[in-house]
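2 protein chains.
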Amino acid sequence: MHQTFDAALGINLLHANQEGADHNRAHFDEWGITCLNLMSSPGAGKTALLEKTLAALSFTLKMAVIEGDMTTELDADRLRQYGVPVIAINTGRSCHLDSRMVAGGIHRLAHEYDPASFDLVLVENVGNLVCPAEFEVGEHAKVALLSVTEGEDKPLKYPIMFREADCLLITKTDLAPYVDVDLDQIEANVRQVNPKVTLFRVSTKTGEGLDAWFDWVRSITTVQRAFTGTANPLDVVH
Amino acid sequence: MHQTFDAALGINLLHANQEGADHNRAHFDEWGITCLNLMSSPGAGKTALLEKTLAALSFTLKMAVIEGDMTTELDADRLRQYGVPVIAINTGRSCHLDSRMVAGGIHRLAHEYDPASFDLVLVENVGNLVCPAEFEVGEHAKVALLSVTEGEDKPLKYPIMFREADCLLITKTDLAPYVDVDLDQIEANVRQVNPKVTLFRVSTKTGEGLDAWFDWVRSITTVQRAFTGTANPLDVVH
Chain A
64 MHQTFDAALG
74 INLLHANQEG
84 ADHNRAHFDE
94 WGITCLNLMS
104 SPGAGKTALL
114 EKTLAALSFT
124 LKMAVIEGDM
134 TTELDADRLR
144 QYGVPVIAIN
154 TGRSCHLDSR
164 MVAGGIHRLA
174 HEYDPASFDL
184 VLVENVGNLV
194 CPAEFEVGEH
204 AKVALLSVTE
214 GEDKPLKYPI
224 MFREADCLLI
234 TKTDLAPYVD
244 VDLDQIEANV
254 RQVNPKVTLF
264 RVSTKTGEGL
274 DAWFDWVRSI
284 TTVQRAFTGT
294 ANPLDVVH
Chain B
64 MHQTFDAALG
74 INLLHANQEG
84 ADHNRAHFDE
94 WGITCLNLMS
104 SPGAGKTALL
114 EKTLAALSFT
124 LKMAVIEGDM
134 TTELDADRLR
144 QYGVPVIAIN
154 TGRSCHLDSR
164 MVAGGIHRLA
174 HEYDPASFDL
184 VLVENVGNLV
194 CPAEFEVGEH
204 AKVALLSVTE
214 GEDKPLKYPI
224 MFREADCLLI
234 TKTDLAPYVD
244 VDLDQIEANV
254 RQVNPKVTLF
264 RVSTKTGEGL
274 DAWFDWVRSI
284 TTVQRAFTGT
294 ANPLDVVH
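Chains as they are written, first to last, in the working numbering: chain A, 64 to 301; chain B, 64 to 301.
Everything labelled a hint here was simulated from the structure, so no lab data went into it. Only a predicted model underlies this, so the values are computations on that prediction, with no experimental measurement involved. Please note that a few of the clues may not be correct.
Since the list can't tell identical chains apart, any single copy or any two copies may satisfy a pair.
In silico SDA-like links for lysine to any residue, alpha-carbon gap of 20 Å or less [stated by the list, open to error]: (1) K259 <-> L219; (2) K268 <-> L238; (3) K125 <-> R171; (4) K259 <-> L238; (5) K125 <-> E175; (6) K268 <-> P240; (7) K125 <-> A79.
Start from the sequences and build out the full structure, keeping to the hints where you can.
Below, the structure written as structure tokens:
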């Protein structure tokens with residue numbers, strides 16, 4: 064459910080959400096955890112990317128996942144096969160995770176495990192290219208995914224998500240030969256709304272680009288821990 | 064912007080939206096217009112479907128489009144090439160069209176044209192598989208699109224949209240050989256949340272299934288006009 068026209072109330076809601084996000088981030092910082100917030104349209108490949116990431120990085124980083132879905136634990140169950148804690152949050156009618164929901168996930172994680180033993184918490188948001196971009200959950204960086212099948216124009220038509228993203232993955236590049244898209248044009252459109260974003264082209268099917276993504280995740284996790292409270296890790300990683 | 068937890072306020076907003084939707088529908092009924100509301104994730108092919116529909120049906124139906132996008136008139140400009148009136152609505156930060164925005168579109172249409180001369184108004188909603196499903200805009204039927212590239216599990220994970228749809232199009236079937244999806248499983252998952260939905264498999268690239276979709280649009284438009292105010296056209300078309 065949404066409210067769109069009561070700007071005063073909307074600002075208050077976003078303020079309240081921001082306070083919750085700051086509280087969550089304070090917990091992460093206290094425990095030396097880096098948190099990434101993964102966002103995209105439904106079916107752009109967030110869960111597939113997480114599967115590859117958990118498989119590739121589990122020897123070097125201790126990870127947990129906070130998995131947001133309106134209903135079901137289908138994605139959570141897929142990720143549990145990788146032996147990491149997966150906290151499932153069902154948002155019900157809500158189209159995005161907010162900081163209060165994620166706070167519930169963090170407290171469950173801290174109750175069942177030693178939170179200070181984790182390096183990285185990966186939040187998979189509800190599949191939605193619009194709403195999650197406005198609700199910070201306590202992450203240190205926002206990661207957006209855009210599938211090649213969604214078309215070149217999406218960064219221009221849904222600018223908020225692309226403007227907010229610290230890292231953007233163009234996914235399913237293996238399908239590029241079968242759809243009428245120009246990857247350079249997608250990149251140009253992304254850069255038009257967000258010149259500073261870190262950008263990768265990936266395919267979880269062929270493996271294209273995944274090593275660069277893994278390197279970025281490793282870097283930001285290491286740097287985040289070293290600089291907690293003193294600097295923006297994104298300034299160091301870039 | 065959204066509000067999610069204040070259930071009382073949420074209900075009021077939806078009530079207000081519903082009143083506006085009923086008002087819009089009363090206008091459509093008065094003018095003998097059928098209105099369809101097209102909804103899907105970004106990039107599932109709403110605009111491409113509209114292009115084919117405008118091209119195929121313009122000899123038999125007088126059509127107009129109300130085109131919702133957060134920003135830009137990219138889609139509206141694509142559709143204007145087909146010689147029909149296209150009213151562009153930019154929703155700004157809002158993730159869906161609501162009945163008030165569509166009322167503005169209807170009034171612009173009625174101001175510039177004789178509204179009673181139209182048979183069919185096609186509303187293209189903002190690309191979002193979650194939020195538009197909750198906000199009726201005055202349509203006589205809801206049409207949802209799901210691309211094969213989004214995966215089989217989406218009807219289960221985003222049930223509201225699939226439960227609300229009167230007609231569901233599984234799009235981009237030409238890409239099915241290149242993605243790991245079972246079309247029968249998609250259909251089974253759709254039927255699980257909505258056994259009565261009318262379902263088509265289409266590809267705007269190969270033309271598969273489009274004739275069946277055109278027939279459905281023609282039928283509902285004819286029946287809607289004949290039965291305005293006396294019956295639910297969907298009961299007759301099925």
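Status of the hints after comparison with the structure:
1. With identical chains, the CA atoms of K259 and L219 are at most 20 Å apart within one copy only, with a shortest distance of 16 Å there and 37 Å across copies.
2. When the C-alpha separation of K268 and L238 is checked against a cutoff of 20 Å, the pair qualifies both within a copy, at 10 Å, and between copies, at 15 Å.
3. In this homomeric assembly, K125 and R171 come within 20 Å of each other (Cα to Cα) only inside a single copy, at 17 Å, whereas the closest approach across copies is 57 Å.
4. With identical chains, the CA atoms of K259 and L238 are never at most 20 Å apart, being 26 Å at best within one copy and 33 Å at best between copies.
5. Taking the shortest Cα distances, K125 and E175 sit within 20 Å of each other inside one copy (15 Å), while across copies they are farther apart (62 Å).
6. When the C-alpha separation of K268 and P240 is checked against a cutoff of 20 Å, the pair qualifies both within a copy, at 14 Å, and between copies, at 14 Å.
7. For the homomeric pair K125 and A79, neither the shortest alpha-carbon distance inside one copy (31 Å) nor that between copies (48 Å) is at most 20 Å.
When held up to the earlier numbered hints, the structure conflicts with 4, 7 and fits the remainder.
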